[in-house]
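Add chain P to chain D, keeping to what the hints say.
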Amino acid sequence: MSIRDLLFATVYPGLITGVGLLAAWLLWQLLFRPSASIDTRPRGPLWAAPVVFTLAFLVAYYGFNTKPQLWPTSSAMRFHTTAAAGGAIGVLTSLVALVPARFRWAGHLVRHPLTLALGAFIALALLAPLTPHALSAAKVMLIAAASAAWLALATAALDAVAHRQQGWRMPVVLLPVAAAFIPVCYFGAYATGAQFSACLIALLCAALIVGLICPRLSLEHGGVVFVLAALLSLGLIAQFFNPNSRTWPLILLALAPIAAGVSLLPAIADRKGLLPFLAAFAPMALVAGAAALWAFLGRPDLDPYPY
Amino acid sequence: MRIRTFAAVPVALLLAAGALGFAAHERSRSAAAVETATVEAAAYAVDPVHSSVVFRIKHAGVANFYGRFNGLTGEFTFDPENPSAGQFAFSVKTQNVDTGNSQRDDHLRNADFFNAVQFPTIDFKSTSITHVEGNHYVLKGDLSLHGKTKPIEAKFEWLGTGTFRNRPIAAFEALIEIKRSDFDMTHYMAPDGSDSGGLGNNVTIKVAVEAAQR
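Chain order of the listed sequences is D and P. Counting from 1, position 12 in the first sequence corresponds to residue 12 in the numbering used here; the numbering is continuous, with no gaps. Counting from 1, position 9 in the second sequence corresponds to residue 9 in the numbering used here; the numbering is continuous, with no gaps.
Honestly, the hints are just simulated from the structure, not real lab data. A hint or two may mislead.
[To be verified] Derived DSSO-like pairs: lysine-lysine, alpha-carbon spacing no greater than 27 Å straight-line:
1. P:K179 - D:K139
2. P:K148 - D:K139
3. D:K272 - P:K179
4. D:K67 - P:K179
This is chain D alone, in the form it adopts within the complex (with noise of 0.2 Å):
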């Protein structure tokens, strides 16, 4: 990886999520200074981390690309757009959030279905190219309702984390994920999944940054969504494009997000103190941390002569 490679993996895309979510959340608490509850909605600018995640993730596609397009013929390199249909879905379901209390409902009903849109769309965007020679279409079908299932059921996990881990914290709860799709694409050869992987955890670090100076930033209802997106783009391409990538610690890696639901039972959500965190924090780690290992004990032999 070239310096410039490293600085358009990780670099730009921290410093446009920095800069970008600062700017907002500051100017969002100078204008629209929180009232005394602390459950006053809206919480801040939940459109803001969908938008600066999806501008950052496409600075670095575009660094990377010297022929970058819309909707490549390769249906692998099309992450950048299903990514960025996720930003555009986040934002769509952060306005949930800009109901009314009383009508809330109809908003919640809104934005689950648009996250199975998301999961189906970003599967047969990537996968139905492979019908008939290397998927049926009925696989095809298949993997898409079970994407967009997955997505959903995620999204809905680690929004009502994302509700309860503010600031610092949620960045910190998803990093785990992040970092483990390093391993398990590397190691199944696919260089771009791992050096992807390395931009979303600039972009998490990044928001970690901007939640220590901002206590409120919250990731729920947009930011969660293009972050899982991100993933699911590139998980099912390290899966159904590259023949000696392992299936497991990806399948392992899907269920972390859901792992981190453990925070959410009575007993520990109602908890004060670290420990709801760690709750979110602890399984999603260690369920990812068990895929990025598989990854490696899995991995081809060294050459003597790297290539």
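Just chain P now, kept in the frame of chain D:
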């Protein structure tokens, strides 16, 4: 009435004989035409075991790196006296890339480069061939790689004909120069599209074919 019948029989026989004669003549003419065509532009099938596809690409902006694709298949018709009638169609599996390092081969097959799952073959189909001098020609055609089909031009050298295991064979070499960015393969390429990146943009492909007459 009887006289007319008697007259009609020889006329019918004559007509039938004439028709048979004409048909025989047409058959012999078409057979001759086939024979001429066979002589003029023989059809050949690529012998994958004795044919090579070798590519060269700049590595780290300095070194020339060589790799190959095994198992070229295809067929062609060619007559050096009438090159414009020649037709060439070749195919090679992207899965068959071979750079002498299994990890690198796996990486080349996957989403970052050839995307062998979505694009299992690299195909070439000729559109024209023109004589330059001696046994040198210019072969033009469409190259389909990584989901893109682009017109390309190859320097073509006809090496001649011979026999191998009592079968007539023919051989040629073609030299093709492409930019991989034209086929949306830009991984590890310099942003300015030059050869100075981790991997160069310009790729030289040498196709050496031995083919058995069909």
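The hints, checked one at a time:
With a CA separation close to 36 Å, the supplied pair K179 of chain P and K139 of chain D exceeds the 27 Å bound. This hinted pair checks out: K148 of chain P and K139 of chain D have alpha carbons roughly 26 Å apart, not beyond 27 Å. The straight-line distance between the Cα atoms of K272 of chain D and K179 of chain P is roughly 61 Å, outside the 27 Å bound, and the hint therefore fails. For a cut-off of 27 Å, the pair hint linking K67 of chain D to K179 of chain P stands: about 12 Å separates their Cα positions.
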